[in-house]
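Which chain is which? The protein sequence lines are A and B, in order.
Read the first sequence against the working numbering and you will find it ends at 1766, with the numbers running on by one and no gaps.
Read the second sequence against the working numbering and you will find it ends at 1607, with the numbers running on by one and no gaps.
Quick caveat, the hints were computed from the structure, so don't treat them as lab data.
It is possible that some hints are incorrect.
To be verified - If you anchor each label on the Cβ, the simulated ranges turn out as follows:
hint	chain 1	residue 1	chain 2	residue 2	range
1	B	ASP1061	A	ALA1720	43 to 49 Å
2	A	GLU1654	B	ARG1400	53 to 59 Å
3	B	SER1523	A	HIS1587	51 to 57 Å
4	A	LYS1528	B	GLN1081	39 to 45 Å
Ideal placement from N, C-alpha and C gives every residue a C-beta, glycine not left out.
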Amino acid sequence: MSSSLEGNRSILVVGGGMSGLSAALEAAEAGFQVYLVEREPYLGGRVARMNRYFPKLCPPSCGLEINFRRIRNNPLIRTFTLAQVEKIIGEAGNFDVTIRMMPRYVNERCTGCGACEAAAVTKVPDPFNYGLSSVMAAHLPHEFAFPMRYVLAPEILGTEEAEKIKASCPYGAIELDMQPRLFDLKVGAVIWATGWQPYAAEKINYYGFGKHRNVITNVLMERLASPGGPTGGRILRPFDGKGVHHIAFVQCAGSRDENHLPYCSGICCLASLKQATYLLEQEPEARATIFYIDIRALGKYEDFYVKVQSDERVRLVKGKVGEITEDPESGVVTLQVEDQGSGRILKEPFDLVVLATGMVPSTAVDAIPSDPRVALDAMGFVLSEGGIPGIYGAGCVTAPMDVASCVQEATAAALRAIQATRRG
Amino acid sequence: MEKKTGVFVCAGCGIAQSLDLESLKRDASEHVQGGICREHPCLCSPEGIAYIRQCMEVEGLNRLVIAACSPRVMHDVFDFGPGTVLERVNLREQVIWCHAANDEDTQMLAQDQLRMGIIKALECEPPAPFSQDDFSKRILVVGGGLAGMTAAMETAKAGYEAVLVEKSDQLGGYMKSVHKLPPSGPPYEELRDFDLQAQVEQLLATENIKVYQKARIARISGGPCLFDVEIDVNGGPVAERVGAVVLCTGAVPYDPHKLGHLGYGVFPDVITALQLESMFTSTSVVRPSNGEPVSSVAFILCAGSRDPDHLPYCSSACCIESLKQAKYFKMSNPQTPVYIFYRDLRAHGHYELFYKQLQKDGTIFVRGTVTGVEDDGSGGLIVTADDILTGAPVTTESVDLVVLANGMVPTTAMGEPFKAQTPAEGEETPAAPADSIIASDILNLQYRQGPELPALKYGFPDSHFICFPYESRRTGIYPAGTVRAPMDWARAVEDAAGAALKAIQCVEMTSRGGAVHPRSGDLSYPEFFMQRCTQCKRCTEECPFGAINEDEKANPLPNPTRCRRCGVCMGACPERIISFRNYSVGMIGNMIKSIQVPDEYEEKPRILVLACENDAYPALDLAGIKRLSYSPWFRIIPLRCLGSMNLVWIADALSKGIDGILLLGCRHGEDYQCHFIKGSELAQIRMSKIQETLNRLVLESDRVRLEQLSIADYPRLPEILESFAARLEELGPNPYKGY
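Starting from the given sequences, assemble the full structure and let the hints guide the process.
Here is the structure:
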């Protein structure tokens, strides 16, 4: 490659989830300087909070560990956690980006020893577990956090406890007066990979999420089943902590629905098939029912569908669930659904109902702060064509997709970013 | 250069409160061979790093042993450049966080772990990267369809030279017969025009792309940056040297002649999706039986797909392609009756909006399994199906045309299975499970293990890894598009761009002497001490990436640029002639030998743990972070892959009096997690051969155990370790203690 090219050859990747990590690593391993910016205090994004991937039922930590190791071994990647992009101006080959670093209240001297956690007494809801459990006000974001550095919950600032926590650190790593900080980066291209957010299930009011405690969403189910989750991996009813014998999955909860998300979220069918196996592995006597419109198990995922479907403990019912009610005494939730097979209206009780809520692109919630604006479609997805040269979407901000497709698309985005840096 | 080693023990994070550092340093000093041994209250602090640097300068240190936290943390802090050998000894996560403070057994564990680290540092040499001055960074793209054209164009746009080989006399592949494309942008309801000709012309005019048409690959030898490609073209063979390969030969429609039950070959008006598409491209959409216009049509989806008798998988693109073709009819005449027989309508993502549009257009969707296509007696066709839900039969009105969405088969699935060399008389049968390779006459690799990419299921040479979809089993050869997995056109374009980057990355990494995924950038590579080779062929058979060829006398011919540095060859070699400068049989053997084994009267068993460094080792760290505790008898040595485990280590350990050996590796079998594909499985196979050694030593086979473990299994670790320790206790001490 010619070395006489002008312009800035570095690449900014926004979002440290699977897509962002992959884009950053693929570009850096091709020899480019990469800045990786992540809003959370750890890398890994949404997948870090998952229990297992379909169809292999393997834990995300395995691939994340390899990616973290690739970061450790590659001096071309600089990562910033608790950081957000404030502003992007300029053009391909020459962008000026302003980054805002949010205070962690813990500096680089943190060794991860845990003295601060031992000194803390206040507990705060654990964001990693979506608030299903609590953590000490000084805590590791999660046990597999990368970077392995503690973080302080801002709730305790200004208290005596905060001072005690500060005093407990032998290394002077606690900085209670840490402020948000702005800094600029000059880059040649930007990859926007801020991922997705679960559709707000409470908006589907007839399903009673947020009201019925035994109605949860698929992302919560991932935490319930995770060994590091609020129940140590045991799938228990939030209502009373009792075991689950009959579970229901409600597909297209919000997806393929013009009142909610008009598109198909692509992954929920397989996610529910997978989550059915979580319970059946723990509770061999349990039963799972999946209410669906179409099972969209594309390509070789068909094998996984066939495998789960052939388990006699799994029942698939074609029908859109109409309403969910909960018995306030027992916590039993009853689903009303028209079984399209028999044409009958079914009313069935379950211990736990999982809403297969879909994906909302993060760009629908937080727009890309570029000038001019990056083109989005009506649903908030980043368009692949007609956008700003030099700024590329990757992963679930462009369309709903599974992990492998995210990595694949992130790799393609890395190439486009590399090409854009040549245009400066 | 003279070895000068500095051992630095960290007193921070509770290490000084849990261990007797004076005694630890005293023991270390005895092994450091003229080096120094120091302590600091917090090595990872700026003061600690400055202290290390100062000592390095004053003492002229070129080897460092840092006894502190896990090597998985503070990696950026403890970075002293490539010229310094650095060994990290994990006293925090794997010693003091899991074991009782100020306890004799914890202290002995720390001493053993530190001693092993010192031995390793002393025996390591900084790797010298493999290099040749005739490296090429050009990218070969095989197949000139949509994916191949994309890969070549994207490669060129990134500033690299592409060589494109197409077997027909025209570029475009399947796209040559495509009339329009399904929607890919707002409002996601309209078909999209596609100008293949313009794309072909643009490609042909691109300076950095060399195109061979009517050409086939006669042979490819070498490895990344050194691939020698022989291309058969009109006018004789041509030779090209390239650095990496993108395989884009695509898929072909499933043979419709096997779909007689759906009327193909029986009725001329039953055609395939491709035949219909060609009709639209040639603007002559008529019934093959009589040349009359088509006034009604039925599409049968999953014609062959999702069918255990035909293609068990879903071909991914057919639902959308059929919706698109239905739209053709609705566009020319909205009143045309269009039936679509389907099982699940797989309009994923934004395609859902297109599906909705077709429903609004009045397309009749029938969810059923087609049971037959029959003549209505007056030249029309009647499709009958069983409703999937009710089982009730459904029939169409008479239609003029029936279109089969007959799915896709990768071009790599076409051909006879390659048979690995059968062992000659008297030879052992190979231990390694053979790859599934189909001789599809596409790449014609001159590889000992077979001429094409190994396939996973159904002939697709796909990656097995969700997190790493480009990891084929042959280094530097990246499949993309429908040859890799069933996918639609839009996905294929993205896939080709991604594969082009992987190819570029491969030539960049390789030209710097570094490994590609998963040990990206590793500069070490295996060297063979050929004088002692016995031509047993284990290394050539077991390499998961086919990196080692063989000469006619069965001598291994390594290709360092194909190597992924897992060390499986090193583990396989009974003569121990394969080693890396920083990882060898002798080095690990000496680490094992440095473990102090108390005699049996002290009742302190010693158990060796050989742990995969990607999964088992982090799991052990997590056990520490979670302060899970387990017996202090275990001594942990991380391995690049369990497949690099050489049986001599087991013999060394047992003959030294170590009571048992626990191998912690990744899951193997169908859903394997081993990132070196077969490493953990090979370790299991080698384990079965350990019986011989155990018999010779008159030891129980239970003394060696293999456990499959992922990082997320860390809560199980105490139980796994304790149950093994309990079993060893039942067996009693190893009788070789004290010898």
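Evaluated hints:
1. B:ASP1061 to A:ALA1720: 43 to 49 Å: violated (22 Å)
2. A:GLU1654 to B:ARG1400: 53 to 59 Å: Holds, since GLU1654 (chain A) and ARG1400 (chain B) (Cβ atoms, about 58 Å apart) stay within the stated range.
3. B:SER1523 to A:HIS1587: 51 to 57 Å: Roughly 54 Å apart at Cβ, these two residues keep to the hinted range, so it holds.
4. A:LYS1528 to B:GLN1081: 39 to 45 Å: holds (44 Å)
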